[in-house]
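Those protein sequence lines, which keep their order, are chains A and B.
Quick note on numbering: the first sequence equals residues -13 to 306 in our numbering.
Quick note on numbering: the second sequence equals residues 8 to 247 in our numbering.
What the hints contain is simulated information worked out from the structure, not anything from laboratory work.
Do not take every clue at face value.
The list that follows gives simulated cross-link-like pairs (lysine-lysine, DSS-like), each with its CA atoms no further than 27 angstroms apart [stated by the list, open to error]:
hint: 1; chain 1: B; residue 1: Lys16; chain 2: A; residue 2: Lys(-2)
hint: 2; chain 1: A; residue 1: Lys223; chain 2: B; residue 2: Lys16
hint: 3; chain 1: A; residue 1: Lys223; chain 2: A; residue 2: Lys276
hint: 4; chain 1: A; residue 1: Lys69; chain 2: A; residue 2: Lys(-2)
hint: 5; chain 1: A; residue 1: Lys129; chain 2: A; residue 2: Lys176
hint: 6; chain 1: A; residue 1: Lys(-2); chain 2: A; residue 2: Lys176
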Amino acid sequence: MMSPDSSVLAVKVQGLRKSYGSIAALQGVDFEAPVGAVTAFLGPNGAGKTTAIRILTGSLLPDAGSVHLFGADALLSGQDLKKRVGYLPENNPLWPEMTVEETLAFAWSAQGRVGHKMSAVERVVVSVGLEPVFRRRIQECSKGFRQRVGLAQALIHDPELVILDEPTNGLDPLQVIQIRELVRELGRQKTVLLTTHVLPEVEALADRVVLLHEGEKVVEGTLAEVTSVKAGQQQFKVTVNGSEEDLKSMLATAGVTRLESGPPSSSAQAQASAVVLADGGQGIFEAAVKHDLVLLELTPRSGTLESLFYGLTQAEGLHV
Amino acid sequence: MYNILLFAKRELRVFVDTPVGYVVLVVFPATMAALFFLAGSFFAESEATLRNFFMWMPIAMALLVPALTMRMWSEEIREGTEELLLTWPIRLRELVLGKFLGALSLLFLTLLATAMIPMTVAYLGDVDGGVVLAGYCGTFLLGAVCASLGLLLSSLTRNQIVAWLSSAAILIALNLLGLAATARSIPPALAHALEALDLGLHFYSMSRGVIDAADLLFFLGLTLFFLVCNGLVLERRLRR
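Please work from the sequences and hints to get the whole structure.
Here it is in structure tokens:
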């Protein structure tokens, strides 16, 4: 990979807000993406990832906030800044009646480039492996090849920043592996901003993570930082022989920051998973004794990105 | 200008690449010829004039041109490619003008395909070339209004049929304003305003060979108005 230079920012977003009617998609989001890094924009469906990406790429205007790309105000800089960005939108829109060759030639011209069109097309066709379908219409290409065409149109003008919105969405496992390999290769040469809700993808590809939830940034940093930022916390699955209310009041005194209610296994039992402080295992045990509840299960979960994601995005959880 | 031509060329390419283009290029001239030579009174009048040919044009343009423009934006919206276009380094006005120039190119090709009708009339008798040219100029200007309105309504929906139906309905209504103005219950001031906005009335004077600056300004002004509205629709979508 290119060595990330955190002193130079490809993307700097501050106080980004966007609402669709009464629904707040982004509620004052700040984040950064350094030059040379692969930054994963992570979050469950509806977290606001695509809205943020659309604002970054200029297809949507924010209600408030600022977006700087390579130090320039993206909302004021106009067209020249867009030439430095390549974008693969979610669902990969393409013109079905055009051939792969025509699509890439059209994208090259629309990016304001003149001359050397065919050498640029050939370069990108080779780099993403589109030779077998070069003269085929888009509508005749498989989904995997269409995704490659989308990636190729994002790269045709050799942009410095590549933004990929859910690049492996809807692909079969083999295609997922192939596209991930392409993105990994891309990360060695360019700054990449990637949105996904697939956690292994983030762990496999990203240097940095920005986690969004319900339009707010929950955590941001390198992979090592975000998996240790909650080092003081550990996630446990807790099962007690009581009602949900008993469990809730017990956990409230046990240093638990958040819990998810599970279905009662019988009328006399309640089951829940909780994110607790590191010493909370002991705290839960002591609280259960104090509340005269029997702990049927107290299982620590691993401190991976998955547990962090799970712990920080449980919107349906009971807050204690 | 580069981007405008790029998008115009793309629209032209889509038109000639699909069967729809060839159908339009064959069916429209054939229909116009049938209406003029068979349904009309051309042979009975024994006069080499294209008056009845141009008489059909307002209604023909109201039906044809929205069919040419209906997919231009609605398909971009449906396929999601509109988002891609908005992220490319292209100004909104270049997108709008590119599509419009593309639509005008299709209109030009379609009108060119009807050239066999005046050529046939010229073969049969003496035709006033100036009147024919003025008629075609008027048709082209009328078509430009239809194209700009068709594009505007195409930008408002992802359904091509809705775009075509709504555009055609509005254009037909704009051709009937003069007729509505003749109703007794209409106040004179309103009747005058309706006549001033009637597309057909402005066109008919041109089709008779009279090129009036007021008619030119009317067509150009209305075209510009619809194009600006189209740009505003796209800008509003950026703020949706």
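Any hints from earlier that this structure breaks? Give me their numbers in increasing order, please. Structure breaks hints 1, 2.
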